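Residues per chain, in single letters:
Protein chains: 2
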Amino acid sequence: MTAVSAFPITPASPDGTVDLVALRRLVATLVTAKVDSIGLLGSTGSYPYLARTERQRALDVALDEAGGAVPVLVGVGALRTDEAVRLAQDARAAGAAAGLLAPVSYTPLTDDEVFEHFATVARESGLPLCIYDNPGTTHFTFSPELIGRLSQLDGIVAVKCPAPAPESVAGHVRNLRGIVRDAFSLGYSGDWNAVEALLAGGEVWYSVVAGLFPATAMTLVDAVRQGDADEARRLNTRLAPLWTLFKSFSSLRVMYAAADLMGLCRAEPPRPILPLSIEAKRQVAETLRELDLI
Amino acid sequence: MTAVSAFPITPASPDGTVDLVALRRLVATLVTAKVDSIGLLGSTGSYPYLARTERQRALDVALDEAGGAVPVLVGVGALRTDEAVRLAQDARAAGAAAGLLAPVSYTPLTDDEVFEHFATVARESGLPLCIYDNPGTTHFTFSPELIGRLSQLDGIVAVKCPAPAPESVAGHVRNLRGIVRDAFSLGYSGDWNAVEALLAGGEVWYSVVAGLFPATAMTLVDAVRQGDADEARRLNTRLAPLWTLFKSFSSLRVMYAAADLMGLCRAEPPRPILPLSIEAKRQVAETLRELDLI
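Chains as they are written, first to last, in the numbering used here: chain A, 776 to 1069; chain B, 776 to 1069.
A hint or two may mislead.
If chains are identical, the list can't say which one is meant, so a pair holds when it fits in one copy or spans any two.
To be verified - Computed cross-link-like contacts, SDA-like style, restricted to lysine to any residue with a CA-CA straight-line distance of at most 20 Å: (1) Lys1056 - Arg1046; (2) Lys809 - Asp997; (3) Lys1056 - Thr885; (4) Lys1022 - Asp887; (5) Lys1022 - Leu884; (6) Lys809 - Ser1023; (7) Lys1056 - Phe915; (8) Lys809 - Arg898; (9) Lys1022 - Pro883; (10) Lys1022 - Thr885; (11) Lys1022 - His914; (12) Lys809 - Glu978; (13) Lys1022 - Glu888; (14) Lys1056 - Asp794; (15) Lys809 - Ala778.
The set of hints was computed from the structure by calculation and includes no laboratory data. Every value quoted in this text rests on a predicted model; they were computed, and no experiment measured them.
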């Protein structure tokens, strides 16, 4: 069944200390909305900017607040393989349901290097892993063949792909489904193209908007679950002004502004990422009001 | 006068502990060859993969070995602005001549974000900074305008640009020279295109090949200094087989293989980066032998 995985921001102080009170508040809204899982410390959760100890603190609070009712996936990516192994071991020991592993890079990586990286983290941590395919941040592009090879490994259970344009998503799902092993989960991120990906057979929506507006995302996915493509598309089209902001300013920066407007937390993104300008925040406020989101 | 800045690898154990004995040996060869500066902990020196304490240890040894005879530039880039500030403060306290600051990113950065990042590191560290423009690793592209704005800031003293193709380098130098303040140093990296950049007026060759083969790089730059463009081009053309390997396998991976072949150190790049395959190492050995480099 189609699922929503909600990716919240990780509120933190300028020195990188996670605001556990604010994070607990964000997670509580996701639990109340009964999202299918929480994608803690994803790209929107600024995981690469947080120290290992802060990532542990954030995970502990999220797991405590989720209370076993909602599984918590957690970002375990790191530039070094040994560091990613340690983060995945931490996550498993804490009780995370799975790890989100992106091929974080500085020196551009080859396919074989990414394969070995994933195999090592899976083997040495025992944590089920979701391949976190996010070329906009990692600058690594997974070929379907590489996803297929990785899906054969014990412990690599899912992939989160950037949703392709609506006209090509059906082929994308079909192509991947033909390559990965059975019971391997295919999911999509990139909120503005996600609905078509779900209608085409994607099983999970890894959703930024659900991190703050879980009810909105659940309503949309309910329409998909009920086979009501028209209604799902109508709801998605209604959100187009928000998608425009995501594309203009990045969903991460917009979510920080939105959380502030909602009174959930006053955090700013980790520097060097700057908060939106006053004018951009005004646009975010206006759009959220027009959409009855605040 | 045209200068060579030599960028060595940073030999380290698989757990990321810098091999100080091997590093001292590499630095000693650069001092003996009288390179104009050492670019420690550059991209070839795998700085983002090393912990702050390891970067301190590496810098202390390099400064000790250089003994004031050769200035040491050192990579101070980090994903977080506060971390880059700390690294630049460390470098200044240790006695580095300047910091190499790349806009390391995960969330893609805007021009204003990069500007603020550089301004903060310059202001809070007091360390002279070289803008480290390396879009192949940072995925950030500096516009000439942004370099011009940064060059107006106190403490931002130089730029290391990727050398453009030979046919466009003269325009690149002229364009930048018209934008940056006087006495701002324009230098180039990307060994295969560097000679034309120097002939066009680039002042510094930020050189990977000089990190292991400093005499070769100095001979080439001597020809440029003497205004003998034909000889500089002849020497550069002779090195074409090495440049082909750099382009095929990346200069970093080739340098690790070469250091091993030369008996300087047996280190491997930090995982997930893998050492070259046996076949690729054989090609490196053959090429270095043909060029009388080993």
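Evaluation of the provided hints:
1. Lys1056 - Arg1046: within (18 Å within a copy, 41 Å between copies)
2. Lys809 - Asp997: within (12 Å within a copy, 70 Å between copies)
3. Lys1056 - Thr885: between (39 Å within a copy, 16 Å between copies)
4. Lys1022 - Asp887: Close across copies (18 Å), not inside one copy (32 Å); limit 20 Å.
5. Lys1022 - Leu884: Answer is between: at 14 Å across copies they meet the 20 Å cutoff, but 27 Å inside does not.
6. Lys809 - Ser1023: Answer is neither: 30 Å inside a copy and 50 Å across each miss the 20 Å cutoff.
7. Lys1056 - Phe915: Neither way: Lys1056 and Phe915 sit 31 Å apart in one copy and 25 Å across, limit 20 Å.
8. Lys809 - Arg898: Classified as neither: same-chain Cα gap 32 Å, cross-chain 47 Å, threshold 20 Å.
9. Lys1022 - Pro883: between (25 Å within a copy, 12 Å between copies)
10. Lys1022 - Thr885: Between copies only: 14 Å across, 29 Å inside.
11. Lys1022 - His914: The answer is both: 18 Å in one copy and 18 Å across copies each meet 20 Å.
12. Lys809 - Glu978: Answer is within; shortest intra-copy Cα gap is 17 Å, inter-copy 61 Å.
13. Lys1022 - Glu888: between (31 Å within a copy, 18 Å between copies)
14. Lys1056 - Asp794: neither (22 Å within a copy, 49 Å between copies)
15. Lys809 - Ala778: Answer is within: at 11 Å inside a copy they meet the 20 Å cutoff, but 63 Å across does not.
In this structure, the earlier hints numbered 6, 7, 8, 14 are contradicted, and the remaining ones agree with it.
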